[in-house]
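Enquirer: In order, the protein sequence lines correspond to chains A and B.
To convert, note that position 79 of the first sequence is 79 in our numbering; the numbers rise steadily by one, no gaps.
To convert, note that position 364 of the second sequence is 364 in our numbering; the numbers rise steadily by one, no gaps.
By construction, these hints were calculated from the structure, which means they are not laboratory data.
Please note that a few of the clues may not be correct.
Stated by the list, open to error - Chain A side only, calculated, beta carbon under 10 Å to chain B, not exhaustive: (1) Ala74; (2) Tyr96; (3) Gly216; (4) Asp219; (5) Arg223.
Stated by the list, open to error - Chain A residues, not near chain B, derived (Cβ > 12 Å throughout): (6) Gly39; (7) Asn86; (8) Asp98; (9) Asp247.
As the list claims (entries may be wrong) - Pairwise CB distance ranges (calculated): (10) A:Gly21 x B:Ala97: 54 to 62 Å; (11) A:Val240 x B:Phe477: 51 to 59 Å; (12) B:Gln100 x A:Lys16: 39 to 47 Å; (13) B:Ala97 x A:Asp219: 56 to 64 Å; (14) B:Leu267 x A:Pro109: 55 to 63 Å; (15) A:Asp231 x B:Ala97: 39 to 47 Å; (16) B:Ala399 x A:Ser136: 27 to 35 Å; (17) B:Ala537 x A:Arg236: 31 to 39 Å.
Ideal Cβ positions, reconstructed from N, Cα and C, are used throughout, including at glycine.
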Amino acid sequence: MPVLEIHGLAKRFGAKVAVAGIDLEIGPGVFYGLVGPNGAGKTTTIRMSVGMLRPDAGRVLVDGVDLWRDPVRAKGRLGVLPDTLNLYERLTGAEYVDFAGHMQRLPGPEVVRRRDELLGVLGLEREAGRLIADYSQGMRKKVALAAAVIHSPRVLFLDEPFESVDPISARTMSEVLRRVVAGGAAVVMTSHVMALVERTSDLVGVIHEGRLVTQGSVDGLCRRHGVADLDELFYRLIGVESLAASDLAWLAASSG
Amino acid sequence: MVGRIVWLKWRLAAGAVARDWRRALALVLALVGLLPIALLLALATLVAYRRLPADTARELLFTVFFTIWVLWLLLPAMAVSLTEGLSPARLAVYPIAGWQLLAGLLAASAFGLPTLLGGLFFLAALAGFGAGPLVWLGVLLGLAHVLVGNQALVTLASGFLRNRRTRDLVVLLVPLVAASLWLMVRFAESNPFGGAAEGGAAGGAEGQDNPLLRLGPSRFLQFTPPGTAARVVERGYAHDVPAALAWALASLAFLAVSVALWRMALLRAMTGPPPSGTVGPASGRRGLLGARAGAGGPVLALAIKDLRYAWRAPRLRAAWASAIVTSLVLVAAALVRGRVGLGPRELEPALLLPAVVLFGTLNVGFNAFGWEGHPLAQLLAAPVRARELLLGKHLALAAVLLAGVAGVGAILAAVTGRVGETLVGLAATPATLGVALAVGGLSSALLPYPVPDDDANLLATSERQGCAVALFQLAAFAVVSVLLVPVAAAVAWPLFAGRGWWALTLPLATVYGLAAYAVALALTAALFERRGPEILAATRP
Numbered sequence: 001m002p003v004l005e006i007h008g009l010a011k012r013f014g015a016k017v018a019v020a021g022i023d024l025e026i027g028p029g030v031f032y033g034l035v036g037p038n039g040a041g042k043t044t045t046i047r048m049s050v051g052m053l054r055p056d057a058g059r060v061l062v063d064g065v066d067l068w069r070d071p072v073r074a075k076g077r078l079g080v081l082p083d084t085l086n087l088y089e090r091l092t093g094a095e096y097v098d099f100a101g102h103m104q105r106l107p108g109p110e111v112v113r114r115r116d117e118l119l120g121v122l123g124l125e126r127e128a129g130r131l132i133a134d135y136s137q138g139m140r141k142k143v144a145l146a147a148a149v150i151h152s153p154r155v156l157f158l159d160e161p162f163e164s165v166d167p168i169s170a171r172t173m174s175e176v177l178r179r180v181v182a183g184g185a186a187v188v189m190t191s192h193v194m195a196l197v198e199r200t201s202d203l204v205g206v207i208h209e210g211r212l213v214t215q216g217s218v219d220g221l222c223r224r225h226g227v228a229d230l231d232e233l234f235y236r237l238i239g240v241e242s243l244a245a246s247d248l249a250w251l252a253a254s255s256g
Numbered sequence: 001m002v003g004r005i006v007w008l009k010w011r012l013a014a015g016a017v018a019r020d021w022r023r024a025l026a027l028v029l030a031l032v033g034l035l036p037i038a039l040l041l042a043l044a045t046l047v048a049y050r051r052l053p054a055d056t057a058r059e060l061l062f063t064v065f066f067t068i069w070v071l072w073l074l075l076p077a078m079a080v081s082l083t084e085g086l087s088p089a090r091l092a093v094y095p096i097a098g099w100q101l102l103a104g105l106l107a108a109s110a111f112g113l114p115t116l117l118g119g120l121f122f123l124a125a126l127a128g129f130g131a132g133p134l135v136w137l138g139v140l141l142g143l144a145h146v147l148v149g150n151q152a153l154v155t156l157a158s159g160f161l162r163n164r165r166t167r168d169l170v171v172l173l174v175p176l177v178a179a180s181l182w183l184m185v186r187f188a189e190s191n192p193f194g195g196a197a198e199g200g201a202a203g204g205a206e207g208q209d210n211p212l213l214r215l216g217p218s219r220f221l222q223f224t225p226p227g228t229a230a231r232v233v234e235r236g237y238a239h240d241v242p243a244a245l246a247w248a249l250a251s252l253a254f255l256a257v258s259v260a261l262w263r264m265a266l267l268r269a270m271t272g273p274p275p276s277g278t279v280g281p282a283s284g285r286r287g288l289l290g291a292r293a294g295a296g297g298p299v300l301a302l303a304i305k306d307l308r309y310a311w312r313a314p315r316l317r318a319a320w321a322s323a324i325v326t327s328l329v330l331v332a333a334a335l336v337r338g339r340v341g342l343g344p345r346e347l348e349p350a351l352l353l354p355a356v357v358l359f360g361t362l363n364v365g366f367n368a369f370g371w372e373g374h375p376l377a378q379l380l381a382a383p384v385r386a387r388e389l390l391l392g393k394h395l396a397l398a399a400v401l402l403a404g405v406a407g408v409g410a411i412l413a414a415v416t417g418r419v420g421e422t423l424v425g426l427a428a429t430p431a432t433l434g435v436a437l438a439v440g441g442l443s444s445a446l447l448p449y450p451v452p453d454d455d456a457n458l459l460a461t462s463e464r465q466g467c468a469v470a471l472f473q474l475a476a477f478a479v480v481s482v483l484l485v486p487v488a489a490a491v492a493w494p495l496f497a498g499r500g501w502w503a504l505t506l507p508l509a510t511v512y513g514l515a516a517y518a519v520a521l522a523l524t525a526a527l528f529e530r531r532g533p534e535i536l537a538a539t540r541p
């Protein structure tokens, strides 16, 4: 049984169609990479899938629970790491993860145990007493990840989780995510880094102009479209135009 | 290049206004509201220069020049920028000479509302002292000191001002400046010119004994940059050319030092590393609230988070500081009225304390979701019922307010000696709190508006915080006032009918307040559950 089902999800902002009816089913233990150009509808899809944005149409079922009919129960099964990190800047890292644990109704001692373990694994134990306002971007991503997984969600949404994260931190975060998937949860991640998506994802969906244009395993998609890797597949599906030789010819000469 | 920088400033300012009609409206309202006041004040100084005895006019001139200079130096700390949007660091990538940048920024800072308002006072000085060549020189020097001083301080303190700790301290500056302005008004009302005789700057009348003359600020202020400029005006007007020129030289020397410091700081700021803005780890700080996870549950977790924020977030701290100042002013005003027989003294503590509760909830309690800011998205993504969310937030609000009311109550009891009435006032607090939070909760869900998250500018208001919001707030205040009539009656009536009635009226008032809160909580929770994403969209700063 899929842990995440999205049926006919749609959203329009004025005349602009942001998401034009997306259907998606993701089973347990699946790492799903959602890729697409800027403005394709990835973030809007995630925001509607976690209850931050009301869809115009469609349903979202998290572990069989309708998100918009029974939001409290569904959200207890969700974890979110949004692209714009809306963190409580004036809490310390430890206080913030505590707060997230309590909001997920975990018992106090369990919150402390998981918090300490998470902050330790993510290399934040020395910074745990500092305010998040003083954290670097990478540290903020890590503490946000700790808060997103503290309740062992069934579905974890990550919007550009590795942006501005150094390679070592990215590796640690990837290991935590692999552990989440191994535990039977589904992870949905958006990213612009194709190599990363290719390396981490079991399934990939390509979203363009609010529609899911294709999805499947990376190998399967590459074979189907006759391309070598996800980069090439992306360019083929989305379409890019190369510069003509005469374009910007003046750039060839220096101004000095 | 200088022209290009001025053009850029103009385009940035015009673009910001053109992009949003609300900003244009805000500008018009600022012009309509502030310009006439500044114009009137400047005209008043002009009349004073012309009609007051020469000595008093001189002291006034020094005071005005110095006050404007100090206010303009304070503008950066209050995050009012004369060169809005013009970042020297962004200009650093272009081939601009240092002097061009200085001149460009200075010229750009001359176009803008603050300079326009301050400029009126310099024009008044020009007109008041005859507009001779040396007076012109002095006035221009005064204006230059204001603009250069402002820009030099902005650059010198740019890292410092961006530091989080400094921003936290700025919270204290806002009430301090407000208190200073209040003191100045009181001073003005005390007739500082002591019924000055006719004479004017040209009059040369002497011997008027008034506070301004007794204080003789020019003796000290003449050694400050704006004071030297004022001295040039004063000496120039008296046709004392050698002295005026000597003071002009001193003024120019001050200006040269300011410009040199500014240039040095500007070059360093453009090529140096960005300010860290960080402080040492807070791990050692584990106070009552910063300790371990403790008891769980979303309600308590939210309340603890909000209590931490009440102290740590500069904007919230400023909101609470202003609530405290408002309460104290309210108390002081009522006490003064009582002393002069304009108010019933016996009602003071009993009715004032509920009023303090009401004013305390107005700011934060009536836009609870707006004050949450960006992280409201997290609360929306958490498995928390709206009822729990509201209870957590109200618990924190009640804790802060009750502590504040207890403090004000202690002051009242000590000042008035009416311990009994103070206790009655305290007993009426839960009922008042219940009603205020009830209306505040509904107001938060019905018309949420964003609270800017710019900690560097505590006076900033959101572009969406327009007339509709102000009208709605007035309506909410009217509703809460009407709903509080039974509570006020429960406190006041026994004063006439017999104090024993308090034993009945106060518990009844408490039941009434709690019932109002319970009903409003259910309504607000239903509203939030239905409109959560819309409230989130409406409160995004």
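Enquirer: Can you give the numbers of the hints that this structure goes against, from lowest to highest?
Expert: Structure breaks hints 3, 4, 5, 7 and 8.
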